Amino acid sequence: MPVKLKASQKIRSRATGKTRTEHYYLKCMTLKELNDYIESSSAKKKVIQKCKNEITRRSKWKQI
19 MPVKLKASQK
29 IRSRATGKTR
39 TEHYYLKCMT
49 LKELNDYIES
59 SSAKKKVIQK
69 CKNEITRRSK
79 WKQI
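Take any residue in the sequence shown, note its place counting from 1, add 18, and you have its number in our numbering.
Honestly, the hints are just simulated from the structure, not real lab data.
Predicted, not measured: the structure shown is a model, and the values here were computed from it.
Honestly, I wouldn't trust all of these hints.
Dumping the calculated BS3-like pairs for lysine-lysine here, alpha-carbon to alpha-carbon at most 30 Å [said to hold, decoys possible]:
| no. | residue 1 | residue 2 |
| --- | --- | --- |
| 1 | K24 | K45 |
| 2 | K22 | K78 |
| 3 | K78 | K62 |
DEER-style ranges, computed between Cβ atoms [said to hold, decoys possible]:
| no. | residue 1 | residue 2 | range |
| --- | --- | --- | --- |
| 4 | K64 | T34 | 21 to 31 Å |
| 5 | S26 | L49 | 19 to 29 Å |
| 6 | K36 | I56 | 33 to 43 Å |
| 7 | S31 | E57 | 10 to 20 Å |
| 8 | W79 | R32 | 31 to 41 Å |
| 9 | Y42 | S77 | 15 to 25 Å |
| 10 | I29 | S77 | 31 to 41 Å |
| 11 | K78 | K22 | 12 to 22 Å |
Idealized CB from N, CA, C, for every residue including glycine.
Kindly generate the complete structure, drawing on both the sequences and the hints.
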């Protein structure tokens, strides 16, 4: 399973009443968002490590 930053949310459109699920996968976030989360004061250590692992995974992919 992909690594998540936080739990998924169901968002309901007020106009149509339809719901959609928004997932917070690390693979979908930009590098800037990952670095901003790492530098934030409210970040948890476990999630910081997940972000660092994702950054190293992407840097290895660029080298290939």
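If you check the beta carbons of W79 and R32, does the distance land in 31 to 41 Å? holds (39 Å)
So does K36 sit 33 to 43 Å from I56, Cβ to Cβ? Because 35 Å falls inside the window, the suggested range holds.
K22 and K78 - C-beta distance against the hinted 12 to 22 Å: Taking Cβ atoms as reference, K78 and K22 lie about 21 Å apart, which means the hint holds.
Is the hinted pair K78 and K62 satisfied, with a Cα-Cα distance of at most 30 Å? Holds: K78 and K62 sit about 25 Å apart, inside 30 Å.
Taking the Cβ atom of S31 and the Cβ atom of E57, is their distance within the range 10 to 20 Å? violated (33 Å)
Tell me if the straight-line CA distance from K24 to K45 falls inside 30 Å. holds (13 Å)
Outcome of range test on Cβ distance (I29, S77; 31 to 41 Å): holds (32 Å)
Taking 30 Å as the top limit, are the C-alpha atoms of K22 and K78 close enough? Holds: K22 and K78 sit about 20 Å apart, inside 30 Å.
Within 15 to 25 Å: is that where the Cβ-Cβ distance between Y42 and S77 falls? holds (21 Å)
Go ahead and decide if the range 19 to 29 Å is satisfied by the Cβ distance of S26 to L49. Holds: the Cβ-Cβ distance is about 22 Å, inside 19 to 29 Å.
Honestly, do K64 and T34 meet the 21 to 31 Å range at C-beta? violated (37 Å)
Comparing the model with each earlier hint shows violations of hints 4 and 7; every other hint is respected.
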